[in-house]
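Novice: Sequence:
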Amino acid sequence: MIASVALLIAGQRTQQIDLLRAALSFVVDPIKYLVDLPSTVYKQASESIQSYVNLKEENGRLRDYQLIHQTQLLKLEALEKENIRLRALLENSFKLGEQVLIAELLSVNMAPYEHIVVVNKGTRFGVHQQQPVLDANGVVGQVFRAMPLTSEIMLITDPNHAVPVQVNRNGLLTIAVGSGQINKLLLPYLPSNADIRPGDLLITSGLGGTFPQGYPVAVVDEFTSQLNKPFANITATPMAKLDRNRELMIVWSNSTPVPLITKPSTTDSTPNSSP
1 MIASVALLIA GQRTQQIDLL RAALSFVVDP IKYLVDLPST VYKQASESIQ SYVNLKEENG
61 RLRDYQLIHQ TQLLKLEALE KENIRLRALL ENSFKLGEQV LIAELLSVNM APYEHIVVVN
121 KGTRFGVHQQ QPVLDANGVV GQVFRAMPLT SEIMLITDPN HAVPVQVNRN GLLTIAVGSG
181 QINKLLLPYL PSNADIRPGD LLITSGLGGT FPQGYPVAVV DEFTSQLNKP FANITATPMA
241 KLDRNRELMI VWSNSTPVPL ITKPSTTDST PNSSP
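Sequential numbering from 1 applies to the sequence shown in the numbering used here.
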């Protein structure tokens with residue numbers, strides 16, 4: 001009996017204690033949160049800063065990777081364009097039907113009165129002076145000076161260069177002279193009544209012995225008659241991409257010269273000795 005009463009009294013006190021605890025929690029819990037707040041804020045700030053640092057480092061790595069990949073893509077694009085140029089040169093070398101050597105451009109000398117480029121093939125490869133030089137579109141110039149490892153090429157736009165040409169439409173013969181400008185040739189020796197028009201294709205005539213017949217040289221772009229002057233003012237644009245070439249073709253003619261004098265074959269003869 002006494003034990004039952006004690007249990008009832010303890011149960012009532014426990015309920016009161018729970019009510020008191022619940023009431024006190026409204027006061028204690030905010031204080032506990034305020035006490036934990038600095039550590040929580042510090043932890044979250046540390047995590048945020050660490051995340052920012054990690055993201056920044058990852059962003060830097062990704063940017064480096066992107067730059068590397070873009071550089072590789074540029075290199076691949078350059079190789080692709082070089083492959084296209086070399087394929088065009090190869091195709092044109094087959095069309096020429098003559099022996100050609102592909103040379104790579106090393107340097108350019110574009111002084112006002114001198115258009116000279118240097119390529120990486122010389123006398124060790126059989127290159128010699130006055131050889132014609134072409135690209136995939138037309139005549140570039142001719143070998144001006146050949147050295148063992150390199151050669152200098154005088155472009156057709158050099159003021160000192162002249163190439164015999166003919167109008168492809170009617171066979172009219174004339175000479176194209178360099179103007180000193182990379183995109184212009186002059187035809188100073190045609191009269192005002194010459195049968196030549198803008199748009200006419202000029203090809204090598206084969207005269208002079210340097211350039212074989214039939215190579216594209218230029219396209220006429222202007223024909224102006226000059227009053228009281230015997231010759232017309234005629235300009236033409238070279239077919240070759242003189243300011244964009246990286247590879248050039250040095251051409252050998254497939255015709256071998258016939259020697260004018262042949263040395264007779266000598267045989268060793270022993271004079272008969274008489275006893």
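Any given hint could be a false lead.
[Stated by the list, open to error] With a Cα cut of at most 20 Å, we get these calculated EDC-like pairs of lysine to aspartate or glutamate:
hint, residue 1, residue 2
1, LYS241, GLU104
2, LYS241, GLU114
3, LYS121, GLU57
4, LYS184, ASP221
5, LYS229, ASP195
6, LYS43, GLU104
7, LYS121, ASP195
8, LYS121, ASP221
9, LYS229, GLU247
10, LYS184, GLU114
11, LYS184, ASP200
12, LYS241, ASP221
13, LYS241, ASP195
14, LYS184, GLU104
Hints listed in this document are in silico derivations from the structure and should not be mistaken for laboratory results. Given the structure is predicted, the values throughout are model-derived calculations rather than measurements.
Novice: Confirm or reject each hint.
Specialist: Hints, verified against the model:
For the hint pairing LYS241 with GLU104, the CA-to-CA distance comes to about 14 Å; that is within 20 Å, so the pair holds. Annotation: proposed proximity of LYS241 to GLU114 holds, straight-line Cα distance about 17 Å (limit 20 Å). Of the supplied pair hints, the one linking LYS121 and GLU57 is violated, its CA atoms being roughly 49 Å apart against a limit of 20 Å. For the hint pairing LYS184 with ASP221, the CA-to-CA distance comes to about 9 Å; that is within 20 Å, so the pair holds.
Straight-line distance between C-alpha atoms of LYS229 and ASP195 comes to about 17 Å, which keeps the hinted pair within the 20 Å bound. Restraint check for LYS43 and GLU104: the C-alpha separation of about 64 Å exceeds 20 Å, so the hint is violated. The suggested pairing of LYS121 with ASP195 is violated, with an alpha-carbon distance near 41 Å, which exceeds 20 Å. A hinted pair counts as satisfied when its Cα atoms are at most 20 Å apart, and LYS121 with ASP221 does not qualify at roughly 34 Å.
For the suggested pair LYS229 and GLU247, the alpha carbons sit about 42 Å apart, so the restraint of at most 20 Å is broken. Restraint check for LYS184 and GLU114: the C-alpha separation of about 14 Å stays at or below 20 Å, so the hint holds. Under the criterion of a C-alpha separation no larger than 20 Å, the hint pairing LYS184 with ASP200 is consistent with the structure, at around 15 Å. Straight-line distance between C-alpha atoms of LYS241 and ASP221 comes to about 16 Å, which keeps the hinted pair within the 20 Å bound.
Among the hinted pairs, LYS241 with ASP195 is inconsistent with the structure: their alpha-carbon atoms are about 27 Å apart, more than 20 Å. The hinted pair formed by LYS184 and GLU104 fails the criterion: a straight-line CA distance of about 24 Å is larger than 20 Å.
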